[in-house]
Amino acid sequence: MNKILAIASISLRTTVRSKIVLSLIVILMMVIIGLPLSIKSDATISGEVQILVIYTLGIVIAILSIATLWAGCAAISGEIAERQIHMVVSKPVTRFQILLGKWVSLVALNAALLCVSGLAVYGLLRWNTRPSQLNSEEIQQLDEEILVARRQIRPQIPDVDLEAGKTADEWMKAPDFPREISRADAVEEARKTILRSAFSVPPGTTITWKFDLPSGVRKDQPFHIRYKFASGRMEITTIRGTWTIGGPDVPGRATIEGNDTAEGFHTMRVQDDVFSADGTLEVSYKNTNDQRPVTIFFPPQDGISVFVYSGGFEINLVRTLLILLLHLSFLSAIGVVAGSLFSLPTAAFTALYLVVLLKFIPYIEIMAARKSFVSGPGQQGSAFLDIFLILFYRGMQFLVSPLKSPNPLDSLGIGELVPWSWVASVFVVKVVVYGGAIALIGRLLFYRRELGLPS
Amino acid sequence: MKSFLQNALLVLLAAVFIAGSGRVQQGLLLQRTELTQGNIAPVENMPPWVAFVTVALGGFRGLIVDALWLRATRMQEEGRYFELVQLSDWMTKLEPRFPQIWEFHSWNLAWNVSVLFNEHEDRWRWVQHGMRMLRDEGLVYNPGAPQLYWALGWIFQFKMGANLDDAHYFYKESWAREMGALFDGMAPDYEQYLEAPDTMDGLREDPAAQPLIKRLAETGITILELDAITSSNATDQVRELMSDDPAAPLLRISLKRQRLKEVYKLDVEKMKDVDDAYGPLDWRMADAHALYWAEQGKQHAEGFTALSLDRMTSQCLASAFRVGSAFFDIDGQLIPSPNLAIYQHVRKAYLEALEKHDNESFHTAYENFLNLAFNYHIGFNRTEVAHEIFKEIKERYPSDRTDSGFNHFVATSFGEAQRELNGQEVRAVAEGFIIQGFTWYARGDEDRYRGAVAQATAFYRDHRKEFNSQSHWERVGLPEFNRLVFKAFHELLDRVEHPVARQRLEQLQIDEGIPDKAPVPESLLEEI
Numbered sequence: 000m001n002k003i004l005a006i007a008s009i010s011l012r013t014t015v016r017s018k019i020v021l022s023l024i025v026i027l028m029m030v031i032i033g034l035p036l037s038i039k040s041d042a043t044i045s046g047e048v049q050i051l052v053i054y055t056l057g058i059v060i061a062i063l064s065i066a067t068l069w070a071g072c073a074a075i076s077g078e079i080a081e082r083q084i085h086m087v088v089s090k091p092v093t094r095f096q097i098l099l100g101k102w103v104s105l106v107a108l109n110a111a112l113l114c115v116s117g118l119a120v121y122g123l124l125r126w127n128t129r130p131s132q133l134n135s136e137e138i139q140q141l142d143e144e145i146l147v148a149r150r151q152i153r154p155q156i157p158d159v160d161l162e163a164g165k166t167a168d169e170w171m172k173a174p175d176f177p178r179e180i181s182r183a184d185a186v187e188e189a190r191k192t193i194l195r196s197a198f199s200v201p202p203g204t205t206i207t208w209k210f211d212l213p214s215g216v217r218k219d220q221p222f223h224i225r226y227k228f229a230s231g232r233m234e235i236t237t238i239r240g241t242w243t244i245g246g247p248d249v250p251g252r253a254t255i256e257g258n259d260t261a262e263g264f265h266t267m268r269v270q271d272d273v274f275s276a277d278g279t280l281e282v283s284y285k286n287t288n289d290q291r292p293v294t295i296f297f298p299p300q301d302g303i304s305v306f307v308y309s310g311g312f313e314i315n316l317v318r319t320l321l322i323l324l325l326h327l328s329f330l331s332a333i334g335v336v337a338g339s340l341f342s343l344p345t346a347a348f349t350a351l352y353l354v355v356l357l358k359f360i361p362y363i364e365i366m367a368a369r370k371s372f373v374s375g376p377g378q379q380g381s382a383f384l385d386i387f388l389i390l391f392y393r394g395m396q397f398l399v400s401p402l403k404s405p406n407p408l409d410s411l412g413i414g415e416l417v418p419w420s421w422v423a424s425v426f427v428v429k430v431v432v433y434g435g436a437i438a439l440i441g442r443l444l445f446y447r448r449e450l451g452l453p454s
Numbered sequence: 000m001k002s003f004l005q006n007a008l009l010v011l012l013a014a015v016f017i018a019g020s021g022r023v024q025q026g027l028l029l030q031r032t033e034l035t036q037g038n039i040a041p042v043e044n045m046p047p048w049v050a051f052v053t054v055a056l057g058g059f060r061g062l063i064v065d066a067l068w069l070r071a072t073r074m075q076e077e078g079r080y081f082e083l084v085q086l087s088d089w090m091t092k093l094e095p096r097f098p099q100i101w102e103f104h105s106w107n108l109a110w111n112v113s114v115l116f117n118e119h120e121d122r123w124r125w126v127q128h129g130m131r132m133l134r135d136e137g138l139v140y141n142p143g144a145p146q147l148y149w150a151l152g153w154i155f156q157f158k159m160g161a162n163l164d165d166a167h168y169f170y171k172e173s174w175a176r177e178m179g180a181l182f183d184g185m186a187p188d189y190e191q192y193l194e195a196p197d198t199m200d201g202l203r204e205d206p207a208a209q210p211l212i213k214r215l216a217e218t219g220i221t222i223l224e225l226d227a228i229t230s231s232n233a234t235d236q237v238r239e240l241m242s243d244d245p246a247a248p249l250l251r252i253s254l255k256r257q258r259l260k261e262v263y264k265l266d267v268e269k270m271k272d273v274d275d276a277y278g279p280l281d282w283r284m285a286d287a288h289a290l291y292w293a294e295q296g297k298q299h300a301e302g303f304t305a306l307s308l309d310r311m312t313s314q315c316l317a318s319a320f321r322v323g324s325a326f327f328d329i330d331g332q333l334i335p336s337p338n339l340a341i342y343q344h345v346r347k348a349y350l351e352a353l354e355k356h357d358n359e360s361f362h363t364a365y366e367n368f369l370n371l372a373f374n375y376h377i378g379f380n381r382t383e384v385a386h387e388i389f390k391e392i393k394e395r396y397p398s399d400r401t402d403s404g405f406n407h408f409v410a411t412s413f414g415e416a417q418r419e420l421n422g423q424e425v426r427a428v429a430e431g432f433i434i435q436g437f438t439w440y441a442r443g444d445e446d447r448y449r450g451a452v453a454q455a456t457a458f459y460r461d462h463r464k465e466f467n468s469q470s471h472w473e474r475v476g477l478p479e480f481n482r483l484v485f486k487a488f489h490e491l492l493d494r495v496e497h498p499v500a501r502q503r504l505e506q507l508q509i510d511e512g513i514p515d516k517a518p519v520p521e522s523l524l525e526e527i
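If you read the protein sequences in the order shown, they are chains R and S. With numbering that gives the first Met the number 0, the residue at position 275 of the first sequence is 274, and numbering never jumps. With numbering that gives the first Met the number 0, the residue at position 180 of the second sequence is 179, and numbering never jumps.
Quick caveat, the hints were computed from the structure, so don't treat them as lab data. You may find that some hints are simply not true.
Said to hold, decoys possible - With a straight-line cut-off of 20 Å between C-alpha atoms, the simulated DMTMM-like cross-links for lysine to aspartate or glutamate are:
#1 K209/R - D160/R
#2 K39/R - D121/S
#3 K358/R - D65/S
#4 K260/S - D357/S
#5 K39/R - E94/S
#6 K90/R - D385/R
#7 K39/R - E496/S
#8 K39/R - E136/S
#9 K260/S - D188/S
#10 K393/S - E359/S
#11 K269/S - E224/S
#12 K264/S - E359/S
#13 K355/S - E366/S
#14 K213/S - E224/S
#15 K165/R - D142/R
#16 K39/R - E120/S
#17 K464/S - E366/S
#18 K39/R - D88/S
#19 K486/S - E496/S
#20 K191/R - D301/R
#21 K347/S - E224/S
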């Protein structure tokens, strides 16, 4: 361990001496201070704050990612090119310790730079949202919806699997049912149809959702219900309805009249104690658009959510920065290993390719879900090519899908909780599993590399 | 020495090539202006970073735009609208000379995103984002792209001017308030505004304004801003200066003209041209602005876009005739009202269309317009013009109604169905006209009061003439006209709380000799 730390310390000192750190700090500060002056929000204070958080930290991470990849690639390849590595490998350290030492130095450097950037963004944020600049409504909105960590709770989804199976079987019995559709696809379609029906609200009817609240929810804090629906008739865009918050057994049950536009997201603030004794929350909506009756539909995936207070903004920011640091650590591993195997330009392109590949994970998943590439209904294609492509994309999906992870800045920016479990899962996947695998591959190949070749 | 000569020769050659390319560039730019669709001239005032990005990124700009577009779509689907302005800004700046991108994103913000909000203020903010994107930037980078003028006009014509959006009144009122702060009445006083400098440098150099500017500087106002010298925001000292100094109107008008030019991109000279051609237009209303942008676009348009802009002009004229005048109620609420002053322009536009397309649908449209114009002129007590319109209807589209004469035409002007009304209904309709008239009077529009009462009178008399028997009137419960007036007046007076409106009605009561409510026996009131 001491040897690893010694290598890390030497690398850090070299980096600091080369003024890279200073340059990076200057660039990051320029971005943090300059970017908010040049970006446009939707002209609301909440929009400005969200943009400030997401864009400034986003650009900081982009810069650090590029710098990390470059520095990682250069860490060992540069020493090999300049023959400095000969001095190091002649010391009583293993090559794996060299790799780890370089990686630790990059992680430490990123941690310091992220810490400085995070503090600067936080300071700027607090300066821009100082109470003297805002009215009470804006302060309340920021405190309750943006500069906070709220847990998003989705409603209980009825278990419709059994019903979906039965419906699919009924469909498949029909003589005109297309034979090429499998039962699994039919069940999935039936499931969606049943859910759509369950989340539809015809005129005069009521829909009720139940939300399981996590333990530890502070009931003295106001919470928000965010909802969105579609109108059954395009020409009717504003719908009247009555919201009832809380079940019949709840003394603080509240009724709120709504007149909302279809397709838009709307938020309702609830202050009352409307939670049931069993820790659930019941919310009902009655379609009262009597003058122009129309059925409305709440999408099951994002039609309605409850946001409850789960903590302060500061700790959420820390968790977000930790996730970003873990991501940078993963990039450092890629960079260092690539640099130990190839010359700087080749290593940089290889590392860049891997990073770009990670950005394409959603598309790889789409391709992997395809059942055929070269033949379609009524078409003849090469079965061999089909099998090859299917195996290729499924293999790719198997390899890279676990690395798919939403951007924590998107959650931080809208005041959504970034839980510790998220930090832990990123640590396990990106650092322990993938970082470890990359390190082992690097170790294996770096040991085989001939470092004393004449140029 | 040889090396020095070689280097010198290379530098010389480089200089010759650079100078040569500079000369060729001028010709190429001219050709580009002439030959590019929509006469897209090179932009001279492009911000450095936009110019840099468009050149430096080359073809990769498209890829970046694609990535941003995907994010924008996802953000919109997730209801995270706050990023859309910035993302749209980046996309348009990456492809600044691609009019369709400007058109799409401004449309998305002004039309699609705005309607996702409940609050009218929020909607208006998004409509403005879309409008500004075109007006303040899209047209700067693409001054020769007619579809952008059309898209901007479309926002004024339909998003703000029509009633497609639930918040259209809010848009109209907000716009009328913004414009109302920049000129008095319907339009700027062109003579005064055109004489006033339209730049800050021009104003500072104007000998007539210099002494006042100096005095304002002594009070601490060194940066001349309209808000700083207007009465609500100004200090007492400034307010005093601005009310006493003979140069104050010039200063005020110059600053207003500058704001029209810099913020709203309205050139007073061009406004005057549009007004001369189609006016007098009420520039507080959206239709006038749709007309303005359509006229600017026509200079660059050909083919289908030219036709679309022509249609925009005629539709806006018809709309401005119907609701193109801003009438402010006593509580400051905007009531869009007909702009009868542009009747001849609209008529001329219809007649020109009839000359081009002499078919039944155009004739039907023109007949409908004449009937509408007749009703409006009667409603506003403009009987002289109404007589002219009646004459034209009688000549072009004769019918039983026109044969029965002017008065009958007035009485039946709101529909043929009146013959089938019973006495109770006739009474209700006549009373409605009278109440409407008194309401307009209370709001300060005497013309409409007279028009409405004239309509009520004509309608009532026509019915009495049609069923000329005392027994019928008694049977159907149709009282004397003055009793209807009395009842309608007091019903309205009881409801009106606004002091100015009450004062006006009480004065009218004296002028018209409408009796007080008290002396009339309750039994009589019940009877009527």
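Status of each hint after checking the structure:
1. Taking the CA atoms of K209/R and D160/R, the gap is about 19 Å. The hint holds against a cut of 20 Å.
2. Taking the CA atoms of K39/R and D121/S, the gap is near 16 Å; set against the 20 Å cutoff, the hint holds.
3. The straight-line distance between the Cα atoms of K358/R and D65/S is roughly 14 Å, inside the 20 Å bound, and the hint therefore holds.
4. Pair hint K260/S plus D357/S does not hold up; C-alpha atoms about 42 Å apart against a cutoff of 20 Å.
5. The hinted pair formed by K39/R and E94/S meets the criterion: a straight-line CA distance of about 18 Å does not exceed 20 Å.
6. Between K90/R and D385/R the alpha-carbon distance is near 53 Å, which puts this suggested pair outside the 20 Å criterion.
7. Between the alpha carbons of K39/R and E496/S the distance comes to roughly 46 Å, so the proposed pair goes past 20 Å and is violated.
8. At roughly 14 Å between alpha-carbon atoms, K39/R and E136/S fall within 20 Å of each other, so this suggested pair holds.
9. Note on K260/S and D188/S: the hinted pairing holds, with a Cα-Cα distance of about 15 Å set against a maximum of 20 Å.
10. For the suggested pair K393/S and E359/S, the alpha carbons sit about 17 Å apart, so the restraint of at most 20 Å is met.
11. With a C-alpha separation of about 24 Å, the suggested pair K269/S and E224/S falls outside the 20 Å cut-off, and the hint is violated.
12. For the given pair, K264/S sits about 41 Å from E359/S by alpha-carbon distance, which is inconsistent with the 20 Å threshold.
13. Between K355/S and E366/S the CA atoms are separated by roughly 17 Å; this keeps the pair inside 20 Å, and the hint holds.
14. Among the hinted pairs, K213/S with E224/S is consistent with the structure: their alpha-carbon atoms are about 14 Å apart, no more than 20 Å.
15. The straight-line distance between the Cα atoms of K165/R and D142/R is roughly 49 Å, outside the 20 Å bound, and the hint therefore fails.
16. Using a Cα cut-off of 20 Å, the hinted pair K39/R and E120/S holds, with the two alpha carbons roughly 19 Å apart.
17. Only pairs whose Cα atoms come within 20 Å are accepted, and K464/S paired with E366/S is rejected, the gap being roughly 27 Å.
18. Using a Cα cut-off of 20 Å, the hinted pair K39/R and D88/S holds, with the two alpha carbons roughly 8 Å apart.
19. A hinted pair counts as satisfied when its Cα atoms are at most 20 Å apart, and K486/S with E496/S qualifies at roughly 18 Å.
20. Taking the CA atoms of K191/R and D301/R, the gap is near 14 Å; set against the 20 Å cutoff, the hint holds.
21. At roughly 42 Å between alpha-carbon atoms, K347/S and E224/S are farther apart than 20 Å, so this suggested pair is violated.
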